[in-house]
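Student: As a plain string of letters, each chain reads:
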Amino acid sequence: MALDSRIVIHANAKVIEMIEKAKFLSDRLLDQLPGIFAVVRENGDILRSNNLLAALLRVPEDQARHHNLAELLPADAAMQLHGMLQDVAAGNKQLVQLELPLVGNGPIYRFSISAYGEALGTPLITVLGTDVTELRKRPASV
Amino acid sequence: MSNTDRRISNAEFSRSIADVVWQVSRAQSTRSFESFFSAPAQQSGSLPGDGGAVLGHMVVAIIIQGEGFRLTLKAHADLGPLREVCAKVCGLEEAQLDELRIRDCVREYMNILAGVIQSEFSKVNLESRLSIPISTRGFDELFFGRPSTPIQYQDSWWLNWQGGGKMILSAFIEFIDLALAEPLLKYDPNAPDEDLFELLAKQGG
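The listed protein sequences correspond, in order, to chains S and X. With our numbering, the residue at position 131 of the first sequence is 131, and numbering never jumps. With our numbering, the residue at position 133 of the second sequence is 133, and numbering never jumps.
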């Protein structure tokens, strides 16, 4: 093999290695966010999750994509979430925020739902969740 | 021959070459797995063409590029089932394994698999080059653009190993020039392996 093509292969490998590492680090950043991060389908099926979401679902980190976001919520809250996901998917709303309690009198999360993009002909939706339980416990005067 | 006839015969012709590629890929995926991970493995079933849904937590891809074709091999897997076999390869306890090491193991496996397939292709004098294996999240599969070459086929299968572990392997073949890929039709899976020193001499190594 000619020396110049070896240099090109080495340079390509270096560039790919750098891109791969940058991608890995940004993925890890999302994984370790202190709040919920997920990309879901219109029906709430999880396609990408982070560590906190997997912990709340009580599954290993690589298994959350087999679950639905609604599993976190009591039935009535799940209905609300479902409606919001459909609104964003249909393009009726750009961003929706709502506070919902997790299942079994769990913590209260503020969910921010927005469009992520489109793949395979279906809209994908980003869901961010912040624990606001302590905030809601404080007296209104404070 | 009319244009339609030519298209049909081209489709049959390319499909028969694709069949050979898949036969090689499937057979070597099991053998390479067994020799790299030292665990008995077997294939099962095929997956429906789902157009790129998320098939595993991570995906490792490698490209074998020949003059007339491009073969993209992918391993889609969750981390859990790989822990035991990867720990054995790394000589570590399962608890000591992080995601990065598991990815490295699968990357190395795919590198070996692609190398073996390349060597099988060279038995029919079909030269090819390998990319380096790339590892990313399974989620990114959703956004991998489909190449625009006119003739392309995909095959996917499960690879199961002892202890209940499994991963999905896929082989995506695109033909750039069918005539250049034609030697693959002469491939004989039962042909004896070439002597390593002869192979190195042929490659100028």
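Simulated from the structure, these hints should not be mistaken for laboratory data. Every value quoted in this text rests on a predicted model; they were computed, and no experiment measured them. Cβ coordinates follow ideal geometry from the N, Cα and C atoms, glycine included. You may find that some hints are simply not true.
Below, computed lysine-lysine pairings styled on DSSO-like, alpha-carbon distance capped at 27 Å [said to hold, decoys possible]:
no. : chain 1 : residue 1 : chain 2 : residue 2
1   : X       : Lys123    : S       : Lys23
2   : X       : Lys123    : X       : Lys186
3   : X       : Lys186    : X       : Lys88
4   : S       : Lys21     : X       : Lys186
5   : S       : Lys21     : X       : Lys166
If you only want the chain S side, here are some residues facing chain X, beta carbon under 8 Å, derived [what the hints assert, rightly or not]:
no. : residue
6   : Ala22
7   : Arg41
8   : Leu47
9   : Leu56
10  : Arg58
11  : Pro60
12  : Gln63
Student: Once the shortest beta carbon distance from S/Leu47 to chain X is found, is it less than 8 Å?
Tutor: Cβ of S/Leu47 sits 6 Å from chain X, so the hint holds.
Student: Just to be careful: measuring from the Cβ of S/Gln63 to every Cβ in chain X, is the smallest value less than 8 Å?
Tutor: This interface hint holds because 7 Å falls under the 8 Å limit.
Student: Is the interface hint satisfied for S/Leu56? The criterion is a beta-carbon contact with chain X at less than 8 Å.
Tutor: Constraint on S/Leu56 not satisfied, violated at 18 Å.
Student: Is the hinted pair X/Lys123 and X/Lys186 satisfied, with a Cα-Cα distance of at most 27 Å?
Tutor: Holds, because 9 Å separates the two Cα atoms, which is no more than 27 Å.
Student: Against chain X, with CB atoms and a cut of 8 Å, does the hint on S/Pro60 hold up?
Tutor: For S/Pro60, the interface hint holds, since the closest Cβ of chain X sits about 6 Å away, which is under 8 Å.
Student: Have a go at the S/Arg58 hint: is there a Cβ in chain X nearer than 8 Å to its own Cβ?
Tutor: Hint violated; S/Arg58 Cβ to chain X Cβ min 14 Å, cut 8 Å.
Student: Are S/Lys21 and X/Lys166 close enough, with their CA atoms no more than 27 Å apart?
Tutor: With Cα atoms ~26 Å apart, S/Lys21 and X/Lys166 stay inside 27 Å; holds.
Student: CA of S/Lys21 to CA of X/Lys186, is that 27 Å or under?
Tutor: violated, 41 Å
Student: Given S/Arg41 was flagged as interface, is its beta-carbon under 8 Å from a beta-carbon of chain X?
Tutor: violated, 10 Å
Student: Taken at face value, is the distance from the CA of X/Lys88 to the CA of X/Lys186 at most 27 Å?
Tutor: Violated, because 38 Å separates the two Cα atoms, which is more than 27 Å.
Student: Less than 8 Å between beta-carbons is the criterion; does S/Ala22 satisfy it with respect to chain X?
Tutor: Where the cut-off is 8 Å and the nearest Cβ of chain X is about 11 Å from S/Ala22, the hint is violated.
Student: If you draw a straight line from the CA of X/Lys123 to the CA of S/Lys23, is it 27 Å or shorter?
Tutor: Given that 27 Å is the threshold and the Cα spacing comes to 38 Å, the pair is violated.
Hints 1, 3, 4, 6, 7, 9, 10 from the earlier list are contradicted by this structure; the remaining hints agree with it.
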